[in-house]
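2 protein chains.
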Amino acid sequence: MTTREECQDLDARDPLAGLRDEFVLTPGEIYLDGNSLGPVSHGVQRRVSEVIDREWAQGLVRSWNAAKWMEAPLSLGDRVAPLIGARAGEVLVADTLTFLLAKIIGGSLELRPERHVIITDAVNFHSDLYIVAAMARLVGRDIVVKTIDRDTLDEHLDEDVALVMLTHVDFRTGEMLDMSRITRAVHEVGALMLWDFAHSTGAVPLDVTSADVDFAAGCGYKYLNGGPGAPAFMYVAPRWQGVLRNPLPGWLGHARPFDFESTYESAPGMRAYVTSSPSVIALGALGGALEVFERTTMDAIRTKSLALTDLFIELVEEALPGVFELATPRAHDKRGSQVALRHPNGYGIIQALIERGVTGDFRAPDICRFGFAPLYLRYVDVYDAVQILADVMLSCAHLDAKYALRLAVT
Amino acid sequence: MTTREECQDLDARDPLAGLRDEFVLTPGEIYLDGNSLGPVSHGVQRRVSEVIDREWAQGLVRSWNAAKWMEAPLSLGDRVAPLIGARAGEVLVADTLTFLLAKIIGGSLELRPERHVIITDAVNFHSDLYIVAAMARLVGRDIVVKTIDRDTLDEHLDEDVALVMLTHVDFRTGEMLDMSRITRAVHEVGALMLWDFAHSTGAVPLDVTSADVDFAAGCGYKYLNGGPGAPAFMYVAPRWQGVLRNPLPGWLGHARPFDFESTYESAPGMRAYVTSSPSVIALGALGGALEVFERTTMDAIRTKSLALTDLFIELVEEALPGVFELATPRAHDKRGSQVALRHPNGYGIIQALIERGVTGDFRAPDICRFGFAPLYLRYVDVYDAVQILADVMLSCAHLDAKYALRLAVT
Chain U
486 MTTREECQDL DARDPLAGLR DEFVLTPGEI YLDGNSLGPV SHGVQRRVSE VIDREWAQGL
546 VRSWNAAKWM EAPLSLGDRV APLIGARAGE VLVADTLTFL LAKIIGGSLE LRPERHVIIT
606 DAVNFHSDLY IVAAMARLVG RDIVVKTIDR DTLDEHLDED VALVMLTHVD FRTGEMLDMS
666 RITRAVHEVG ALMLWDFAHS TGAVPLDVTS ADVDFAAGCG YKYLNGGPGA PAFMYVAPRW
726 QGVLRNPLPG WLGHARPFDF ESTYESAPGM RAYVTSSPSV IALGALGGAL EVFERTTMDA
786 IRTKSLALTD LFIELVEEAL PGVFELATPR AHDKRGSQVA LRHPNGYGII QALIERGVTG
846 DFRAPDICRF GFAPLYLRYV DVYDAVQILA DVMLSCAHLD AKYALRLAVT
Chain L
486 MTTREECQDL DARDPLAGLR DEFVLTPGEI YLDGNSLGPV SHGVQRRVSE VIDREWAQGL
546 VRSWNAAKWM EAPLSLGDRV APLIGARAGE VLVADTLTFL LAKIIGGSLE LRPERHVIIT
606 DAVNFHSDLY IVAAMARLVG RDIVVKTIDR DTLDEHLDED VALVMLTHVD FRTGEMLDMS
666 RITRAVHEVG ALMLWDFAHS TGAVPLDVTS ADVDFAAGCG YKYLNGGPGA PAFMYVAPRW
726 QGVLRNPLPG WLGHARPFDF ESTYESAPGM RAYVTSSPSV IALGALGGAL EVFERTTMDA
786 IRTKSLALTD LFIELVEEAL PGVFELATPR AHDKRGSQVA LRHPNGYGII QALIERGVTG
846 DFRAPDICRF GFAPLYLRYV DVYDAVQILA DVMLSCAHLD AKYALRLAVT
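Chains U and L, in that order, give the protein sequences. Under our numbering, think of the first position of the first sequence as 486, with each following residue one higher. Under our numbering, think of the first position of the second sequence as 486, with each following residue one higher.
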């Protein structure tokens, strides 16, 4: 079994170790919930204060130009692009994930007007299920949303499928899907592929270009650490830019916004998908949060992420053999950056851990979910978390029912 | 002609004078563009820092509950409510104005399934025109959007009209419409009424209850001073809550969001119209900005607003007789909180004013637009602004073409 000293040694040799200082962390807390809400970084504090105290306070309305606020959704998109294997001009930061999915779903259906089926995963995140059903209903024509077992996708693919929408890393189990293989299969029947990267971006390397993805979207508040309810991002492959229409347009996506024309004419490129004035403060927070990613690579993050999740699985199985069912795949190529442990008393376990300074979260019916963010987590944190988990289980602390209901966001 | 001394005297007796200290203003600048982007207040700085440095940094994901982030769209809505004559539980703060309009338009069309017409104003703000056309197109069934001369509204009202959407204060001219009379006329033919309060909220008293309005929406970054791209708000009359469906739903609007059910079931009340996790930082800024409104009343704001715009019109006409055409109505009951002056060299005039520290904005083809925000503007500011305007006109500074293109948001 790996010892605490060995973990300290791993930390001493960790090339990402210096980045931990960029975060505002609470002493004594081991935060394994960055897959729900990432922590504050000094970049966020700096950039938000710059936006409010300098650009807004001093520049006022002039900052839309002078501080390049008008460009922020695109320039931030260019900074998210390398994290998903996209190039400059292919990513937009705006709105929220659900609205961006709505735009892509609505636009996609027009690109396949003769087809009637959207396929998604029955265990997809709920907002994804709700918005795809809502858009299918809204567009009026006869669209069927098939929510399937994703492992049976190939059986459902035929020439009536307009769009397949899947989440790349499962929010409950942390299973990661094969983006290239699935996208290829979807394209073989002439359908379009939309990937939700909510639990992938900033956690695992992504390559939308080599996987030939049509559309993708992800959120800014999980592994990107952009703050609660941070703006989301969307990717549109160059071949679809100027072709995929924005079904929810606004004046800032107009080709000539300041000509105030009565009829909408889409701007070229990703600007077409801008609807409204973005929250510049929220964009500032996300921009500040991206700074730390610009000091490393997704490959370095992935290497440490796998080491952390491997270590956690190893230590849990050694300290508590047979206590949990591992819901997360062991194979590296099928694992995101979280570990999910099933236990019938999962809710009580998470509450007891939180009481002892280890923050994970619970997902009904029986999943204890632990996210491992390599930018600020140490190997000793993993070691200590497992010791505390073992203590909780052996002292039966999780059977104490007197914990307040805890809510967390995805 | 009112003298500068008389203006100083008006300031000395101004019951709102003390509120100016709540704002971060640049010495020497007279800011007449708060109808585009309001300035920073100390409340914003305090509240954003509280959200980032305490609630997010220390509370992390727990703050969704512990700091009541989950309730923020509704609790902020309850604070906007008194500004529009609504009651607690009738207003939601979320998203952007265009998305909220999309929700209301999409939902409204389902409430009048046998009707085919939406009426709006041909000179409505462009995002409003784009989103109403987009929603009419998106819903599939045969919907015609009639963009009319609003003065001829009565001629267009018949039993095929599903929805009338008007902006209460014209963004160019500052003309204010008669909300009660128009709403009554729209109801007489069984249509629904949606008001856009972008240029009204925080500037003029509103009473959606006595005017029997069905739906309204407005933005947070103009007179409310909530920051660039601040979240917007929507009002749904109690009779439509639970009836108007949210056509763009998300998990936070579900009746039981943490049960993660596959099928959407709307939460009761205004929560039904929540789609995604809100940007808590952006909501924090708006919340901080509302504090100053809670120290006065909309009636006191209106009294000073009319005095400021009256004074501006009087001084301009006396200093520069016949130079401008007044686009804003003189009648108090037809005027918002801005004054629009038409001039063929309007663009150059605004540029020359900005160079001299008076910030207004230009709206094509010929409108110089000046917004008067009573919370931080003084009577002497109005006096000095007119002196500088007179100096610009008499020195022909506005004919100098060497000004950079200036963009501003609505």
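There may be inaccurate statements among the hints.
Each pair may be met inside one copy or between any two copies, as identical chains are not told apart.
[Stated by the list, open to error] Simulated crosslink set (SDA-like; lysine to any residue; CA at most 20 Å straight-line):
(1) 631 with 749
(2) 631 with 498
(3) 631 with 747
(4) 819 with 535
(5) 553 with 815
Don't read these hints as lab results, they were simulated from the structure.
Structure-based check of each hint:
1. Within a single copy, residue 631 and residue 749 get their C-alpha atoms only as close as 33 Å, which misses the 20 Å cut-off; across copies the closest is 15 Å, which meets it.
2. Taking the shortest Cα distances, residue 631 and residue 498 never come within 20 Å of each other, neither inside one copy (48 Å) nor across copies (68 Å).
3. In this homomeric assembly, residue 631 and residue 747 come within 20 Å of each other (Cα to Cα) only across copies, at 12 Å, whereas the closest approach inside a single copy is 39 Å.
4. Taking the shortest Cα distances, residue 819 and residue 535 never come within 20 Å of each other, neither inside one copy (41 Å) nor across copies (40 Å).
5. For the homomeric pair residue 553 and residue 815, neither the shortest alpha-carbon distance inside one copy (46 Å) nor that between copies (37 Å) is at most 20 Å.
In summary, the numbered hints that this structure violates are 2, 4 and 5.
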